[in-house]
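So the protein lines, in turn, are chains A and B. Converting from the first sequence to the working numbering requires adding 4 to each position, the first position being numbered 1. Converting from the second sequence to the working numbering requires adding 625 to each position, the first position being numbered 1.
Treat the hints with care, since some could be wrong.
Cut-off 27 Å, straight-line C-alpha distance, at most; resulting in silico cross-link-like pairs (DSSO-like, lysine-lysine) [claimed, not checked]:
no., chain 1, residue 1, chain 2, residue 2
1, B, K772, A, K24
2, B, K798, B, K785
3, B, K731, A, K37
4, B, K647, A, K22
5, A, K63, B, K649
6, A, K24, B, K731
7, B, K649, A, K22
8, A, K95, A, K63
9, A, K37, B, K732
10, A, K63, B, K792
11, A, K166, A, K184
12, B, K649, A, K37
13, B, K767, B, K785
14, B, K731, A, K166
15, B, K798, B, K880
16, B, K647, A, K95
17, B, K731, A, K22
18, B, K649, A, K95
19, A, K166, B, K653
20, B, K647, A, K63
21, B, K653, A, K22
22, A, K95, B, K729
23, B, K732, A, K63
24, A, K24, B, K785
25, A, K97, A, K22
26, B, K785, A, K63
So, partial list: chain A residues that the calculated Cβ filter (under 7 Å) puts toward chain B [to be verified]:
no., residue
27, S28
28, L68
29, E134
30, S138
31, G169
32, T173
For the record, the hints were derived by calculation from the structure and aren't laboratory data. C-beta atoms are modelled at their ideal positions from N, C-alpha and C, and glycine is treated no differently.
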Amino acid sequence: METSQQFSDSELVTLSLKDKEVFSQIIERYQHKIYRYIKRISSFSDDHISDILQNTFIKTYINLNNFDTSLQFSSWLYRIAHNETISFLRKNKKHIEATLFPDDSMEEFKSDIYIEDQQIKMEDSKVLWEAIKSLDQHYQDVIILKYFEHKSYDEISDIIQKPPGTVATWISRAKKEIQKFLTKYNYKNNG
Amino acid sequence: MDKSHVQINITRTILDRLENQKVKPTPKWYFVIQESIVWILGLVTTLCGAIAISITLFVLTVAPTRFQPATHESIIRFWIEFIPVLWLVLFVSFIFATDYFLRKTKKGYRYSFIVLTISSITLSVLLGYLGFLIGLGEFLEKGVGSKIPFHTPSQMMVQKIWSQPSKGLLTGKIISNNGVLQTQEGLIFNLDISQLPDTQKSLITEGTYIGLIGTTTAENRFFVCVVIPLDDRNFILNADQFERKYPDGRINTCKGVRPYDRLKTKILNYEN
Numbered sequence: 005m006e007t008s009q010q011f012s013d014s015e016l017v018t019l020s021l022k023d024k025e026v027f028s029q030i031i032e033r034y035q036h037k038i039y040r041y042i043k044r045i046s047s048f049s050d051d052h053i054s055d056i057l058q059n060t061f062i063k064t065y066i067n068l069n070n071f072d073t074s075l076q077f078s079s080w081l082y083r084i085a086h087n088e089t090i091s092f093l094r095k096n097k098k099h100i101e102a103t104l105f106p107d108d109s110m111e112e113f114k115s116d117i118y119i120e121d122q123q124i125k126m127e128d129s130k131v132l133w134e135a136i137k138s139l140d141q142h143y144q145d146v147i148i149l150k151y152f153e154h155k156s157y158d159e160i161s162d163i164i165q166k167p168p169g170t171v172a173t174w175i176s177r178a179k180k181e182i183q184k185f186l187t188k189y190n191y192k193n194n195g
Numbered sequence: 626m627d628k629s630h631v632q633i634n635i636t637r638t639i640l641d642r643l644e645n646q647k648v649k650p651t652p653k654w655y656f657v658i659q660e661s662i663v664w665i666l667g668l669v670t671t672l673c674g675a676i677a678i679s680i681t682l683f684v685l686t687v688a689p690t691r692f693q694p695a696t697h698e699s700i701i702r703f704w705i706e707f708i709p710v711l712w713l714v715l716f717v718s719f720i721f722a723t724d725y726f727l728r729k730t731k732k733g734y735r736y737s738f739i740v741l742t743i744s745s746i747t748l749s750v751l752l753g754y755l756g757f758l759i760g761l762g763e764f765l766e767k768g769v770g771s772k773i774p775f776h777t778p779s780q781m782m783v784q785k786i787w788s789q790p791s792k793g794l795l796t797g798k799i800i801s802n803n804g805v806l807q808t809q810e811g812l813i814f815n816l817d818i819s820q821l822p823d824t825q826k827s828l829i830t831e832g833t834y835i836g837l838i839g840t841t842t843a844e845n846r847f848f849v850c851v852v853i854p855l856d857d858r859n860f861i862l863n864a865d866q867f868e869r870k871y872p873d874g875r876i877n878t879c880k881g882v883r884p885y886d887r888l889k890t891k892i893l894n895y896e897n
């Protein structure tokens, strides 16, 4: 039997429509990436993330016939995961306590944030993560997709379903907000 | 080890759920129909916007701007009365609706609000202009306009403005060659056309619809200073025909009749 690596995403989609078991190869290919993505945008506990992840793949399976082959499959899957997470967040806002966690891949993000004070640039990841989490949800989404999921503007546009121009504007505004947060943080802590 | 990299294997769980809940992919035709409906709604709202534009263009072109100085103090007051608010509001609403539906199409989110709005405005205006040229705007304003609550169609508006004998304005149908006029409301006026020049008198013929400037001399008696031919019974004032039939003369009895004076000085540019 051929391994899943030999098939493209689109081919796996076509095959999954004929044989449910093939869908497992899509799940295996993407579950870790999507898991991390949900964790980054929601900061939920593992149990909640697992629920969202399952729902994401089930919804993906249900909507396989709606997959637009002109899109990247990963963008479409991220979109479903994004919508599921946001919907879960809205439904359970009062009952879920988000747990902040420092992410391990902040180098690209750090190097792209201009901060006047060098001390802030050297701050640990936890403060940077706190700065990101202080943003409005839509700003968090674009920053996470750009710097942590390493998506292009077009891919982000396809995931959050906003024009690429809006994505660029939101990223720029989000970075400014983060700079403000860090400057304030540094002022508070270093006098 | 980072928690986010914890190995999770939910594959079996998901497949079991799909199996147990008998989940099946939604058929392709469902999405095709869904997408088609959104496009059709977008097209319908664009066409509705185009219809609103064709009516607006009709209303704006038939508004009797040539006679505005005789009927209104200022051009602003004239346009406040004649601007087709209803159709413009509907046009804007349909543009927003088109924008909404286009955004709901598969690739709609890729275009900015401005691009979508400008595109739908352009398309609506072009189609609306086409509709105006083939007479759709006129047909709808006359046919449907009068049936819409709180909306006065343009021809009714002109008729209302020109049906104020106390202010020197009168309109209606000539029902006798002896100068008897019947208004839209059924009132009968005997016209005194003794001072009119022949070119103007020739416009008073049985069965024609006319607009008059003059003054009431007695009950149901109207001294006529100026006759304005109407294009049809819908009271679209015919400015071109009027100027051809209006000689360079003056009727002293009419001096002091405001629409007459304003017509002379502001429209025909005669000196006092």
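For the hint on E134(A), just tell me whether its beta-carbon gets within less than 7 Å of chain B. violated (17 Å)
Starting from K95(A), check that the Cα of K63(A) is at most 27 Å away, please. Status holds; Cα separation ~17 Å.
Given the hint that K647(B) pairs with K63(A), does the C-alpha gap stay at or below 27 Å? holds (13 Å)
What's the verdict on K731(B) and K22(A), does the C-alpha distance respect the 27 Å limit or exceed it? holds (24 Å)
Given the hinted pair K166(A) and K184(A), is their Cα-Cα distance within 27 Å? Given pair K166(A), K184(A) holds - Cα atoms ~25 Å apart, limit 27 Å.
Does K24(A) pair with K785(B) here, judged by a C-alpha cut-off of 27 Å? violated (73 Å)
Pair hint K63(A) and K649(B), alpha-carbon separation not exceeding 27 Å: holds (10 Å)
CA of K653(B) to CA of K22(A), is that 27 Å or under? holds (13 Å)
Taking the least C-beta to C-beta distance, is L68(A) closer than 7 Å to chain B? holds (4 Å)
K731(B) and K37(A) were given as a pair; does the straight-line alpha-carbon distance stay at or below 27 Å? holds (25 Å)
Is K37(A) within 27 Å of K732(B), Cα to Cα? This hinted pair holds, its Cα atoms lying about 25 Å apart.
Taking 7 Å as the limit, does the beta-carbon of T173(A) come near enough to a beta-carbon in chain B? Since chain B brings no Cβ nearer than about 10 Å to T173(A), farther than 7 Å, the hint is violated.
Comparing the model with each numbered hint stated earlier shows that hints 1, 10, 24, 25, 26, 29, 30, 32 do not hold.
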